[in-house]
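Let the sequences and hints guide you as you build the complete structure.
Residues in the sequence shown are numbered from 17 upward in steps of one, following my numbering.
These are computed hints drawn from the structure, not numbers from a lab.
List time: in silico DSSO-like cross-link candidates among lysine-lysine, alpha-carbon distance up to 30 Å:
1) K105 <-> K26
2) K28 <-> K49
3) K26 <-> K102
4) K49 <-> K102
5) K102 <-> K28
6) K102 <-> K148
7) K77 <-> K26
8) K28 <-> K77
9) K49 <-> K93
10) K102 <-> K77
11) K105 <-> K28
12) K148 <-> K49
13) K148 <-> K93
14) K77 <-> K105
15) K93 <-> K77
Derived DEER-like restraints, expressed as beta-carbon distance ranges:
16) T39 <-> I113: 23 to 31 Å
17) R67 <-> I46: 33 to 41 Å
18) P57 <-> K26: 21 to 29 Å
19) G123 <-> R67: 38 to 46 Å
20) K26 <-> R140: 30 to 38 Å
21) M71 <-> E47: 36 to 44 Å
All C-beta atoms in this analysis are idealised placements derived from N, C-alpha and C, irrespective of residue type, glycine included.
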Amino acid sequence: MACLPPRGMKIKPEERLAIDFATTLRAFTIEGKLRCVWTHPANEIAGHQGRLAQMRYALAKAMGLIPGTADYLFLWKDGSGVLEAKVGKNGQQPNQIDYEAWCMEMGVPYRIFTTVDEGLAILREWGVLTDKQKTS
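Okay, here's the thing in C-alpha cells:
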C-alpha cells in the first residue's frame with residue numbers, strides 16, 4: 017500500500033508527514049471510506065535547480081501550475097477543500113498565504129494539519145471520510 021521513496025533518499029519531516037498521510041488516504045480510498053477524489057500537486061518538484069529543472073518549472077507554470085498550491089486537493093460532489101501539511105515551526109511561505117487567501121475568497125475550505133490524525137479529523141469534519149465502507 018505504501019509508496020516508498022528511493023532507497024537512500026533523505027526524507028524531511030514534512031515529507032514524512034505527507035507520505036504517511038497519502039498512504040492512509042490510499043487505504044481509505046480502497047476501502048471506500050474516503051468519498052472524494054484527491055491528489056497531491058507536487059509543487060516541491062519545481063524547487064530543484066539546474067537548467068532542465070528550471071525549464072520544466074517554466075513549462076509547468078505555463079500549463080497552469082500555481083506556486084503555493086496546498087499539498088492536498090479534495091473534490092467531492094457538492095464541494096471541495098484543500099489541506100496543507102506543516103511540521104514544527106515550518107510556517108507558510110508567502111505564495112502559500114496567497115493561495116490560502118484565494119481559497120477563502122472563493123469559499124473553498126483551506127486548513128493546515130500537523131499530524132495524520134489531524135488531517136483525517138478535518139476530512140471527517142468535511143463529511144468525506146467515514147468509518148463505514150461504501151456499499152454498492
